[in-house]
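**Q** On the provided structure of chain F, position chain Y as indicated by the hints.
Number of protein chains: 2
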Amino acid sequence: MDIDSTAQDKARFFAGAWGRVRALPGKLKAKVTSTAKSIKKVGQDDPRRLTHSLKVGLALTLVSLLYYARPIYDGFGVSGMWAVLTVVVVFEFTVGGTLSKSLNRGFATFLAGALGLGADYFASLFGKNGEPIVLGILVFLLAAAATFSRFFPRIKARYDYGVLIFILTFSLVAVSGYRVNELVVLAHQRLSTIIMGGATCMLISIFVCPVWAGEDLHKAIASNLEKLATYLEGFGGVYFQSSDSDGMGTGKSFPQGYKSILNSKSSEESLANFARWEPGHGRFRLRHPWKHYLKIGALARQCAYQIEAINGCIGSDHIQGSEEFKGKIEGSCTRMSAECGKTLKALAISIKTMTDPYSSANTHVESSKAAMKDLKFALKAASLENADLAAILPAATVGSILVEIVKCVEKISEAVHELSQLAHFEKETVEPTVSPEKPPQLLHRGIIQPVLDGDSTANDNVVITIHEIISTDSPENGKACDQHQVPKPGQKIEAL
Amino acid sequence: MDIDSTAQDKARFFAGAWGRVRALPGKLKAKVTSTAKSIKKVGQDDPRRLTHSLKVGLALTLVSLLYYARPIYDGFGVSGMWAVLTVVVVFEFTVGGTLSKSLNRGFATFLAGALGLGADYFASLFGKNGEPIVLGILVFLLAAAATFSRFFPRIKARYDYGVLIFILTFSLVAVSGYRVNELVVLAHQRLSTIIMGGATCMLISIFVCPVWAGEDLHKAIASNLEKLATYLEGFGGVYFQSSDSDGMGTGKSFPQGYKSILNSKSSEESLANFARWEPGHGRFRLRHPWKHYLKIGALARQCAYQIEAINGCIGSDHIQGSEEFKGKIEGSCTRMSAECGKTLKALAISIKTMTDPYSSANTHVESSKAAMKDLKFALKAASLENADLAAILPAATVGSILVEIVKCVEKISEAVHELSQLAHFEKETVEPTVSPEKPPQLLHRGIIQPVLDGDSTANDNVVITIHEIISTDSPENGKACDQHQVPKPGQKIEAL
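Residue numbers (our numbering), protein chains in the order written: chain F, 17 to 512; chain Y, 17 to 512.
Any given hint could be a false lead.
Identical chains blur together in the list; that is why a pair holds if it fits in one copy or across any two.
[To be verified] The calculated DSBU-like cross-link candidates involving lysine-lysine, where the alpha carbons are at most 35 Å apart (straight line), are:
#1 Lys443 - Lys389
#2 Lys172 - Lys281
#3 Lys443 - Lys281
#4 Lys443 - Lys368
#5 Lys172 - Lys311
#6 Lys53 - Lys275
#7 Lys235 - Lys281
#8 Lys311 - Lys53
#9 Lys311 - Lys389
#10 Lys389 - Lys368
#11 Lys45 - Lys389
#12 Lys443 - Lys53
#13 Lys275 - Lys427
#14 Lys144 - Lys368
#15 Lys311 - Lys57
#16 Lys172 - Lys53
Just so you know, these hints were derived from the structure itself, not from any lab. Source: prediction; values computed, not measured.
The shape of chain F in the complex, shown without the other chains (with noise of 0.2 Å):
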């Protein structure tokens, strides 16, 4: 049996080996197949990449004509090369990026151009011997001077290419062994060539197709708010109603948009630093308050966040929550996810159009604070005699977590509104009609508070009526309907 099966792994072994060789062109079409793919997903997934690619080939085309036409070529000769070594190192892909290198890589050139002009006028004071000797020094001591500068935070974000460029001018100019009467010809021909190319990629990223830093950041956090609005909105019907079958274990139902939020901190620092060197464009002006868009991005993570807890309790497969105290808390959880959810894709839209958000998004976040109130209560409401906690705990901590999320949401509807401030959005002209075909809603299911035989140490318990009031999105209506949570004389009021 040992020599059977070792025969019929040898001839399962060749006809592998031979499958694989008959299998090769095929491999090899399948090959090629997944890289056109893939090279279609990269254009798909945003396709002024493609126009990107061709706005540099352009740029690089036109700096190339340098050499073709004789008149600027015999002004500039070979210093042309700068042009097109400038071109290819500047361009990128944002308006931003593209006007922070050139004028880090002109200014930082012009200076460092000077600055070794004076360095080779000093050096040569010493004498045939010693110039040498002094240049190796101030080049020393001003590379590891600029590259040490590179590591503060500050230049890191701003300045960092135009501290590099900075070395290599220095060290070009102070080091070349030309006459400074020959240098300042050359230093003249090259910040001419430079200044022709940083100007070409200039105009071409502003003017042909302009792909703007600042725009980016702008729709970025927008979507990120979106993200999570989706995830909320959805999360109660998801969570509460998956319960009997066995599909809520796995989790897969629940949108996974917002764990790109997660890691977005570096993206967004990074558009953010290109859009401070934008001009104004679009409706976004000069001074456009964009170091604000990183603080929400900041809460829109904190919220992410709360979202990967909450994903990672209900992602468990082996919980088993009791299906009676889940259906008691349903109501006020499903309402402050949604609501919570409603606020964010207000604040979304309201930055998407650039108006103020207060309106539209406080009706929500007020509602989402009722429902929260209202989960208070129904826990208290909730019979515990007979229930074990054990099998509660999942469902309280979703509602538990929910809690932080509806508090992170506020932050967030309060820092949107304060960008509002900044950025003078649009005031909303007519308030009722933020979403007219919404049905009325109603806030409060009335809740009964009932007269548990419980210990008197923390609770006086109270009946509280039932209150069905019925939502027209104004804010008041919040306000309104808090009253019942006003405290009884003696009642102590835990906020979740």
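**A** Just chain Y, lined up with the frame of chain F:
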């Protein structure tokens, strides 16, 4: 009174202005001092920054000698410039960064130079008039295609700089307007100076106080685990002890070191990218599984998200949990977080010392899982009739998230174990000496599940006898402790 206050305001204003003028030299001094302080801080945060700056200065000075050593200068002429350029652009903080850029630059220059020569030859076939047009088209196409390729994540991660230099060199060579035989000389000069500059950088970065990206990644991952451990080890003490004072709400006493882990993804990825370019160094061989560190890093981030959620819950200043209930779960929760912390610390040490973590970490993983099950029993045992669920919730949520953390830590432990196998960590030889100074510790403090008068849907009520098992830090103990959690027939065990 109104006039009076205006006069006072004026007087105050002038006094203030005069004070500000007088304070100018003082302000300048303060500014200088603060700058000096920040310089000192940047240097002290990582002393290797200073070394790096000096190394760049050294490399640049060495390469500049090209211009002064007559025999070399006569050989290369102005092309010596490319050596300076290469040093400035290529010298990175880590060895891997420098190698990656040097090699990218070298190969890209060679390839693009050859292609450029080909393009020049090809274009010359079209005659005097056709040549610039053909060259223009070629440059446009190649630049556009190469720029587009930079959007592919794999190329972006490893060959971004190479592609840039490829475009640069190709354009320069194709467009330069030299005849082909002149170009060959030029290309040869340029390539050799670039190699010279690159080699200087590589040698200095490898042999003068090298900063290895791989070692940095290795240390960063270990220190991240340690930060998590510090939080978790201290957590129980701070959270449960401070509850009687008002210090809990502020959350100030929790170490906030873990926050830096939340956004560690990009830096870890770039380190891992650079590490792949590095030769074997110190305890790391050439094909060290650097990619696997990213997996551990991702799990550590996952754990940090959970901690962030906990921090959110306990940071809310208006939570007033039930002390009674907190007391009931204190034991198991404190043990869970402490054991998780110990696990992580053991894993961090095992990474640092490159020894197999199996026995040391596994003991703690088992203990934390045992504590997790204890928590379940504690929850079942907690008498809920007289407690308010809203008051219980904060502590219960903390417990519930801790359970998630235990699972996450277990995954981290598995990942580190995998790493230890992939990277051939040394096996531990003497098992019991892992932490000999630690006093024997009660793993289970004996939790009695009382007979509850609940409904009989879910739980058969079982009286569990008290176990007191002295831990001697061997994995078998964990199993022994688990024995009392073996389900009785008919009893449903729900893991948290």
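**Q** List, from low to high, the hint numbers that the structure doesn't satisfy.
**A** Violated: hints 11, 12 and 14.
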